[in-house]
Amino acid sequence: MSAQATPKPPSYLGGEYGMRSWFLTLDHKRIGLLYLLGVTFFFLVGGIFAVLLRLELLTPAGDLFQSETYNKLFTLHGVFMVFFFLLPAIPAVLGNFLLPLMIGARDLAFPRINLLSWYIFMVGGLFTTYAMLAGGVDTGWTFYTPYSSTYANSHVIATALGIFISGFSSILTGVNFIATIHKLRAPGLTWFRLPLFVWAHYATSLIMVLGTPVVAITILLVAVERLLHVGIFDPAFGGDPVLFQHMFWFYSHPAVYIMILPAMGVISEVIACFSRKRVFGYSFVAFSSLAIAVLGFLVWGHHMFVSGQSLYAGVVFSLLSMLVAIPSAVKVFNWTATLYRGSIAFDAPMMYALGFIGLFTIGGLTGIFLATLAVDLHVHDTYFVIAHFHFVMVGGTVMAYLAGLHFWWPKMLGRLYPELLARVTAVIIFVGFNLTFLPQFVLGYLGMPRRYHVYPDEFQVLNVLSTAGASILGLGFALTAVYLTWSLRYGKKAVPNPFDAVGLEWTVASPPPAHNFEHVPSVHHEAYEREREEPARV
Amino acid sequence: MSSAAPQLAQGAHADGSLAHHFESHAQQNQAATLGMWAFLVQEVMFFGGLFTVYLVYRTLHPGAFAEGSAHLPRDLGTLNTGVLIGSSLTMALAVRCGQLAQGKRAALLIVATMALAAVFLGVKAVEYGHKWEDGLVPGLRWNPAAGADAHLNLFYALYFVMTGCHALHMLIGLVLMVFVARKAWRGGYSGANYLGIECLGLYWHFVDLVWIFLFPLLYLLHGPGGHA
Amino acid sequence: MFENFSLWPESASSLSGSIDALYLFLIGVSVFFSLLIVAALGLFSVRYRRRPGHVATPVEGSLPLELLWTGVPLVIVLFVFAWGTKLFVRARTPPEEAMHFTVTGKQWMWKIQHPSGQSEINTLHLPVGQKIVLTMISEDVIHSFYVPAFRVKQDVLPGMYTSLWFEPTRTGTYHLFCAEYCGTKHSEMVGSVVVLDPAEYQAWLDGRPSEKDPLQAGALLFQNLRCDTCHFSGPATGPAGSPRGPDLAGRFGTDVTLSDGQTVRFDERYVRESILEPAKRLSAGFPALMPSYKGQVGEGDLLALIAYLKSLKAPRSRP
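Protein chains in written order, with numbering that gives the first Met the number 0: chain A, 0 to 537; chain B, 0 to 227; chain C, 0 to 318.
Looking at chain A on its own, in the form it has when it is part of the complex (with noise of 0.2 Å):
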């Protein structure tokens, strides 16, 4: 099975050095990694952000900041981790690595086009960041209207220009994945034998390419708008306030989708290999990602029930939102289902993954207290909210991220990180996580309404817990960077396939050549089917 030919193709690493070959590159592999060390860049500067909000709501009086810094600082934590982090993250780096080398390709079907998104992605984030050392933007990483286009006096048009420049990097991104997904599969590669990641990143393509245009167009009306002080969604000119919020949540609900797609793909792939099965439920896993992409679109007024837009909206927009539980709630049930009668082993990865459907459970579970219509009006807006959408962005994507990012790791850089250390911050990075959010279910109950820079005293316990949990999670991630990039030089060399994993990746060298494969494979099986399990070497 391992690629024994000689002479041995260079890696993709290998063969050219040099800066020009590396930021004028065509192989998705650097790509990848191109976007591994952007994405990386803005995930800390977001998780700077996260550090000092914290700091800042360890005592119930503004003490460490004037309300106008914290302002800024939540917005800034919004707008880096959501467009620049969560969005791109495991698309972008994992999927641009990996979806040629799982369908048997040599490339994307774009190569040019995949370099451009990288470099409108890294202006659009440049450009954000200049706005946030030119003064910052205070609008919160929503952008209402009439505040963000006639009140704020921050720098609104060149955060919101930046958000926009980067939504042509998404737009182009799934393009490129979805005429790859369509054109480029190997010989037998047949959709029900593709393996269930590239399923979720033909979803989130479709997404991608459907809904970013229409943020696109929102953020460029409301700089137009504060351009020009025209009203287009400023009552005082006759605009509609709430029309703006549609427009936006029309894509940024479904955005959040975006966001978990790709994880739920990660997760599926690394519980099949640790527990040596094939996904059960295979074509239940595959479309409810279909069913999540289709319905995402159909639920955005869930985010206004307390707007002023009619009851009757919010009746259907909360019938409509309850039914997205049931695809995700279908995954869960199928992955958990995976283990039995498996072969479970606990490598880091899976140590990820099986935190990730713990906290995905409960984050998708809160999200019906949301969509229900007498709940949401106590907790819209709350911080209960708050806990909700990092379960669900921080417990599902972050995690299933890092599970990607540790299953494949050998594959991508060739290096073997510390296991043993690996596993504790696994361990380390959940604890830590629940300590942070929990409490925040119980803040968001209470009423402790998000964006508050100074909150009532009886809050404080509360909020002490989260920030104590905050600086366990804060180690976690340190300590995963520094393990990671030690491994670069120091770690043991990756064989193909160290996991003992299924999929066509794991046939090709670790780190894989630069053409990926030598010869076009051709499939005969099913994806995560194993030849004739022989004993399990252990």
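Be careful, since some hints might not be right.
Here are some of the chain B residues that sit facing chain A, going by a computed Cβ distance under 10 Å [unchecked claim]:
| hint | residue |
| --- | --- |
| 1 | Glu22 |
| 2 | Gly34 |
| 3 | Leu49 |
| 4 | Tyr155 |
| 5 | Leu157 |
Bear in mind the hints are in silico, worked out from the structure with no lab data behind them. Glycine included, each C-beta is placed from N, C-alpha and C at the ideal position.
Starting from the known structure of chain A, arrange chains B and C on it as the hints suggest.
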């Protein structure tokens, strides 16, 4: 089969028209066309968002929109619609020539398309000029006495954003045409590979189509009374 | 730090108990399913851990199981949907008989006016056991009126009235928060709701400097702005109104036919629009004579005028 494939790829590599990761021109063409269609879908969503905003405000302020519509010069709008449909024809003929490997004729037809596009943009510039003189540019030069309805500026704000986005798409198309026409003139396309022309054609027809929606919405719909 | 520490919010409105019950039910469901998943993960992890001699057994999917775990959650969420919607409709349907307060939000304060005219800033005194309706509008950005102890909130929009109702059931002092981010001092746009016994509430009212109640204020404005020259509004004995504008007595709450043949409900929203942009939706049968009062009347004046129009009874009693 798997051993023949790389050779095929290498053989086709020689003329540079087949990228290393494709097995055949057919696969490359299909992928590119599909990608282009996917890209156009996102364009539809982009303009769809704008149209939604337009329709919502039209419903909220029918008076202002009827008045604004009545202000717009129908004759220039009609002229431009004709010009743009003409440019779609020349573009379609260019694609046809690309198919038949008639590079020079394709290039000439693309130049003709560019000329028509320039006429369109020229007329548009004249229209913008009139708006400027009449003080109908919200935010930059607005004459409060320009119209009776208080929300007329909302109509004009949307008019400029919508036609502006459309004109920007045309400008991008013009730039692309320069490259494609040059390549076609130099014989850079063949009957098996005229992807550049094909995708350009798709893009141009889309830009045309957007105008076909913009024209009646902005120029022709004068509201319930239908007064001019 | 531990003063007033609690894990459950105070409950002080007729709605809060019902919402708490639904919330507890949801917690029950969540705990059940979370434990189910965690227990299954734990059990399988131990039972099927990788060890010498243990081999994974291929298991294909199972249609009955898929149907089960699609169907059961579906039934549960539909049940929750129905329950939540029923409560929400109750929370969003204002009662017929109630005390009407008006709330104006602006960066960063709440201005509240009582039915009897007294106004206060960032504090709302209420009598216990009374149904309260708030009519709210913002002077600048979007705010949100939130009283956790009552379990209700409603966004307060610029340019459009929204309303909120509740019935306080327990005396005490509760938090009032702005829940929609509204700028620099968002977190200081807070106040308190003080629920008093009816007698104490009356005493509190009597202790306030007397201000014109919104009815009187509205009536005065109606004269000062010369509304009465075109819109008849006298006592219910006079002849039909002046032909220059419709008779406004008894018009509030009715459906009005417009000049383009459409009908519109003569409500807060329409009155506000007609004062600020009279030409937009003209009543059928009247010339477009009325000038816009934009810039001449503030949000408070508008609310007073609305209160006054509401109070005008129809000249002839309607069935």
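Structure-based check of all given hints:
no. : hint   : verdict
1   : Glu22  : holds, 7 Å
2   : Gly34  : holds, 4 Å
3   : Leu49  : holds, 6 Å
4   : Tyr155 : holds, 8 Å
5   : Leu157 : holds, 7 Å
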